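Asker: Taken in order, these protein sequences are the chains called X and C.
Residues in the first sequence are numbered consecutively from 66, following our numbering.
Residues in the second sequence are numbered consecutively from 66, following our numbering.
FYI, nobody ran anything at the bench for these hints, they're computed from the structure.
In this text, all values refer to a predicted model and were calculated from it rather than measured experimentally.
Some hints here could point you the wrong way.
What the hints assert, rightly or not - Calculated Cβ distances over 10 Å to all of chain X for the following chain C residues:
(1) A119
(2) D130
(3) A140
(4) A154
(5) L182
(6) Y388
(7) K465
(8) H467
Unchecked claim - Covered stretches of chain X, as calculated for chain C (at least 3 residues, CB under 8 Å):
(9) 89-99
(10) 131-142
(11) 175-183
(12) 315-321
(13) 432-442
(14) 469-481
(15) 484-492
Stated by the list, open to error - Distance condition first, Cα-Cα at most 30 Å in a straight line; then the derived BS3-like pairs of lysine-lysine:
(16) X:K481 to C:K316
(17) C:K298 to X:K481
(18) X:K316 to C:K481
(19) X:K298 to X:K282
(20) X:K105 to X:K481
From the three backbone atoms N, C-alpha and C, an ideal C-beta is built for every residue, glycine too.
Number of protein chains: 2
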Amino acid sequence: MSATADSMEHDVQAYMQQVGRQARAAARLVAAATPGAKNKALLEMAAAIEAAAAQLADANRKDLDAGRNNGLSDALLDRLELTPARIEAMAAGLRQVASLPDPVGQISDMAIQDNGLQIGRMRVPLGVIGIIYESRPNVTADAAALCLKSGNAAILRGGSEAIHSNRAIAQCIQSGLDAAGLPVHAIQVVDTTDRAAVGQMITMPEYVDVIIPRGGKGLIERISNEARVPVIKHLDGICHIYIDEHADQDKASRVSYNAKTQRYGTCNTLETLLVHQSIAAEVLPGLLQQYRDAGVELRGCERTCALDGGVTPATAEDWDTEYLAPVLSIRLVDNLDQAIDHIEGHGSHHTDAIITEDLHNSQRFLREVDSSSVMVNASTRFSDGFEYGLGAEIGISTDKLHARGPVGLEGLTSLKYIVLGDGHTRS
Amino acid sequence: MSATADSMEHDVQAYMQQVGRQARAAARLVAAATPGAKNKALLEMAAAIEAAAAQLADANRKDLDAGRNNGLSDALLDRLELTPARIEAMAAGLRQVASLPDPVGQISDMAIQDNGLQIGRMRVPLGVIGIIYESRPNVTADAAALCLKSGNAAILRGGSEAIHSNRAIAQCIQSGLDAAGLPVHAIQVVDTTDRAAVGQMITMPEYVDVIIPRGGKGLIERISNEARVPVIKHLDGICHIYIDEHADQDKASRVSYNAKTQRYGTCNTLETLLVHQSIAAEVLPGLLQQYRDAGVELRGCERTCALDGGVTPATAEDWDTEYLAPVLSIRLVDNLDQAIDHIEGHGSHHTDAIITEDLHNSQRFLREVDSSSVMVNASTRFSDGFEYGLGAEIGISTDKLHARGPVGLEGLTSLKYIVLGDGHTRS
Numbered sequence: 066m067s068a069t070a071d072s073m074e075h076d077v078q079a080y081m082q083q084v085g086r087q088a089r090a091a092a093r094l095v096a097a098a099t100p101g102a103k104n105k106a107l108l109e110m111a112a113a114i115e116a117a118a119a120q121l122a123d124a125n126r127k128d129l130d131a132g133r134n135n136g137l138s139d140a141l142l143d144r145l146e147l148t149p150a151r152i153e154a155m156a157a158g159l160r161q162v163a164s165l166p167d168p169v170g171q172i173s174d175m176a177i178q179d180n181g182l183q184i185g186r187m188r189v190p191l192g193v194i195g196i197i198y199e200s201r202p203n204v205t206a207d208a209a210a211l212c213l214k215s216g217n218a219a220i221l222r223g224g225s226e227a228i229h230s231n232r233a234i235a236q237c238i239q240s241g242l243d244a245a246g247l248p249v250h251a252i253q254v255v256d257t258t259d260r261a262a263v264g265q266m267i268t269m270p271e272y273v274d275v276i277i278p279r280g281g282k283g284l285i286e287r288i289s290n291e292a293r294v295p296v297i298k299h300l301d302g303i304c305h306i307y308i309d310e311h312a313d314q315d316k317a318s319r320v321s322y323n324a325k326t327q328r329y330g331t332c333n334t335l336e337t338l339l340v341h342q343s344i345a346a347e348v349l350p351g352l353l354q355q356y357r358d359a360g361v362e363l364r365g366c367e368r369t370c371a372l373d374g375g376v377t378p379a380t381a382e383d384w385d386t387e388y389l390a391p392v393l394s395i396r397l398v399d400n401l402d403q404a405i406d407h408i409e410g411h412g413s414h415h416t417d418a419i420i421t422e423d424l425h426n427s428q429r430f431l432r433e434v435d436s437s438s439v440m441v442n443a444s445t446r447f448s449d450g451f452e453y454g455l456g457a458e459i460g461i462s463t464d465k466l467h468a469r470g471p472v473g474l475e476g477l478t479s480l481k482y483i484v485l486g487d488g489h490t491r492s
Numbered sequence: 066m067s068a069t070a071d072s073m074e075h076d077v078q079a080y081m082q083q084v085g086r087q088a089r090a091a092a093r094l095v096a097a098a099t100p101g102a103k104n105k106a107l108l109e110m111a112a113a114i115e116a117a118a119a120q121l122a123d124a125n126r127k128d129l130d131a132g133r134n135n136g137l138s139d140a141l142l143d144r145l146e147l148t149p150a151r152i153e154a155m156a157a158g159l160r161q162v163a164s165l166p167d168p169v170g171q172i173s174d175m176a177i178q179d180n181g182l183q184i185g186r187m188r189v190p191l192g193v194i195g196i197i198y199e200s201r202p203n204v205t206a207d208a209a210a211l212c213l214k215s216g217n218a219a220i221l222r223g224g225s226e227a228i229h230s231n232r233a234i235a236q237c238i239q240s241g242l243d244a245a246g247l248p249v250h251a252i253q254v255v256d257t258t259d260r261a262a263v264g265q266m267i268t269m270p271e272y273v274d275v276i277i278p279r280g281g282k283g284l285i286e287r288i289s290n291e292a293r294v295p296v297i298k299h300l301d302g303i304c305h306i307y308i309d310e311h312a313d314q315d316k317a318s319r320v321s322y323n324a325k326t327q328r329y330g331t332c333n334t335l336e337t338l339l340v341h342q343s344i345a346a347e348v349l350p351g352l353l354q355q356y357r358d359a360g361v362e363l364r365g366c367e368r369t370c371a372l373d374g375g376v377t378p379a380t381a382e383d384w385d386t387e388y389l390a391p392v393l394s395i396r397l398v399d400n401l402d403q404a405i406d407h408i409e410g411h412g413s414h415h416t417d418a419i420i421t422e423d424l425h426n427s428q429r430f431l432r433e434v435d436s437s438s439v440m441v442n443a444s445t446r447f448s449d450g451f452e453y454g455l456g457a458e459i460g461i462s463t464d465k466l467h468a469r470g471p472v473g474l475e476g477l478t479s480l481k482y483i484v485l486g487d488g489h490t491r492s
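Next up, chain X with everything else stripped away, as it sits in the complex:
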């Protein structure tokens, strides 16, 4: 946190320009900071959060009270709440990011050309990262940790409903930066609830190198449409499992059940189950009963409904819907090609899996399904940065350029070319 906005609430544009200038200046210093200094800052932030647990709870109570007065839903109030366990988890998250390998300055692909020039690539920070998010205040600490560790400066814009909590967390972040001798403007929390701040932030390419929106589809689409800065975005997750004709039926049932029911509201949850018609009569009855026992509503194609009277007919819209709820659509397909066609036509290129014991079909599926994560015999729920060994994630990208899938520290960096000569001239 940096400039107090009090004096300039009349001028959000000037305030955001100042935040941007400060971030750009800090970015150069953070990019050159040693791993030791960055890690010290992260550990100091963690200690500050633990020491300020009572103040964080007080600030959070103000947000919760205001939220209740403003009629926020129970689900939103739950996201907003900083319980003691969540405060401890923020500190633990900061310490965990400190323990990850530092990506900055790694050199790869170094090779000597015919003329003796040594050419390779160095991993470097992106510069200034703008993060726009909604109610959960713990994102403030998580995002700060990932941006700092990857050598970037960050401008964090949380939801207005969490402003008191975010201000309190920002103080802990700032004291950590200060204790490690790093510029306090390296991580700035936007200190105004004026919505114009977002519009300003996404149109300052001179100060912001990339925007990462975290939140609902509406927020992300609006930002993508209006941004004049590159956006790393996470749109919906319409995830599929295809039970192949050569599937092991036990694996098929266990994995498909887990992918739908382990959590309903996450982007990597199964939304549409595709089943080869030759195996459907064997595998579906037991599996569909399991789903029903768990309270999952089932909507199917004609052939699925013919197989099981408890399935209601799916509409065309179902195949294009991310339910984020205990609802599953089911379609029987004639072969692998039809399964891939369905996924390419209706999916969101997030995470899709095949259940099969057939090597050829598994290889075709891996190659031909154009999603950020493609799986064989595993639950789509594994699609996240922690499960992939990234240590942490700032989100799951459904973009094709730059970073695809879970985005960890590497996704917050890029590669520049370095060229070592000895007086080489071009002829």
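Based on the hints, put chain C in the right spot on chain X.
Answerer: Frame of chain X, contents of chain C only:
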């Protein structure tokens, strides 16, 4: 080339939508094509171009005649011309791309997690690439080769002044695809000179995954502003050389002379020379005389002018200018920090070099200068895909995300996660 536009010139939007749909459908087939089929197509295209040399020259003559009638400058007419040597170079370029390693399907970072899941990344095509370029018709063949080899479908929109040449090249491309059993819509040349085609092409995210504009700064800025599709862009190259206090004076002179004078109109040409004040009196007099002998106009800071009466004072604007001409600006600096400050403040993050024998200074420069290529003791003119061993390039990216610097086959692909389980469920 695909749909004949004749029947729909009244409706560019419908035509481009059709081109887009065809490209999207072809993209899936090209993504799954074997290296053998893609290489066969490239070799057949090369043979078709050689066999059609006379027809290409005829078509090109129509463009040249129209260009002269329309008052095109000699420089533009030169770019537009397809000499026999340039026709042969197109064929050679296609054969060279065929000889490069195929990036599609390469698997990296494969590792086993604690739970036994095998997780890695597979290199995959981006999908459909739209390329918008100006007069040079040889770009049609070059871009087709790189897109096809990297498993992408392409929509190519050349300059209207080259429409006859591009149509003739498109026929060769199409016959090559056909001979290799690949879909002819994999490479489509937009067959209308209506400018609305560009506006349509950059706003069809459902059919186009990325736009690569090649041309002047005006074209690229306009496309970046209006595109609703990600853009890999190449803005200006304001390249610097910093002659450090610990430079070898012979290397400094040779490299600085080469970087400015080897070619004036290229983006990796030196535009501003920074010289440590303690070495300036030794190194500059001879070097500046060399520049003058080559016809280079010299504009300098006050201290440079004081050192050499033949240098005219630089204005503030000079430090922010890409001359693309025999003009050089020169500034004396007090130390490495001031050199880096100047480059970060006035450069375009393209290519910058230090001349030094000091290890510490070289390492600081490599790390702290935030450009797509950073060099030590080498001419900035080396910054291109061929010199870097990429085999070919589609352009030099000044973006920070996805691809930075020369963009070859790898820059036209991305990495998706692949996950191999054995019935794994998440708990």
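Asker: Indicate, hint by hint, whether the structure satisfies it.
Answerer: Hint check:
1. Chain X leaves C:A119 outside its interface by the beta-carbon criterion, the shortest separation being 34 Å against a cut-off of 10 Å.
2. Non-interface call for C:D130 relative to chain X: holds, since the shortest CB-CB distance, roughly 36 Å, exceeds 10 Å.
3. Look at C:A140: its CB is around 22 Å from the nearest CB on chain X, clear of 10 Å, so calling it non-interface holds up.
4. The beta carbon of C:A154 sits about 19 Å from the closest Cβ of chain X, which is more than 10 Å, so the claim that it is off the interface holds.
5. Distance check for C:L182 against chain X: the nearest CB is about 6 Å away, which does not clear 10 Å, and the non-interface claim fails.
6. Consistency note on C:Y388: stated as away from chain X, and its beta-carbon is indeed over 10 Å from all of that chain's, at 18 Å minimum.
7. Separation of C:K465 from chain X is inadequate, the least Cβ-Cβ distance of about 5 Å not exceeding the 10 Å criterion.
8. Separation of C:H467 from chain X is inadequate, the least Cβ-Cβ distance of about 4 Å not exceeding the 10 Å criterion.
9. With a threshold of 8 Å between beta carbons, the proposed coverage of the segment 89-99 of chain X by chain C holds, since 3 of its residues qualify and at least three are required.
10. With 0 residues having a Cβ less than 8 Å from any Cβ of chain C, the segment 131-142 of chain X misses the three-residue criterion, and the hint is violated.
11. Taking a C-beta to C-beta cut-off of 8 Å, the segment 175-183 of chain X contributes 3 residues in contact with chain C, enough for the three needed, and the coverage statement holds.
12. Residue count for the segment 315-321 of chain X with a Cβ under 8 Å from a Cβ of chain C: 4. That meets the three needed, and the coverage hint holds.
13. With a threshold of 8 Å between beta carbons, the proposed coverage of the segment 432-442 of chain X by chain C holds, since 10 of its residues qualify and at least three are required.
14. Chain C is given as covering the segment 469-481 of chain X, and this holds because 6 residues of the stretch bring a CB closer than 8 Å to a CB of that chain, at least three being needed.
15. For the segment 484-492 of chain X, the stated coverage by chain C is satisfied: 9 residues place a CB nearer than 8 Å to a CB of that chain, which reaches the threshold of 3.
16. The straight-line distance between the Cα atoms of X:K481 and C:K316 is roughly 24 Å, inside the 30 Å bound, and the hint therefore holds.
17. Our distance criterion of 30 Å between C-alpha atoms is met by C:K298 and X:K481, whose separation comes to about 15 Å.
18. Proximity of X:K316 to C:K481 is assessed by CA-CA distance (about 24 Å); at most 30 Å being required, the pair is judged to hold.
19. In summary, the hint linking X:K298 to X:K282 is supported, as the alpha carbons are separated by about 10 Å, within the 30 Å threshold.
20. A threshold of 30 Å between alpha carbons decides the hint, and for X:K105 with X:K481 the separation of about 27 Å falls inside it, so the pair holds.
Violated hints, in rising order: 5, 7, 8 and 10; the structure is consistent with all others.
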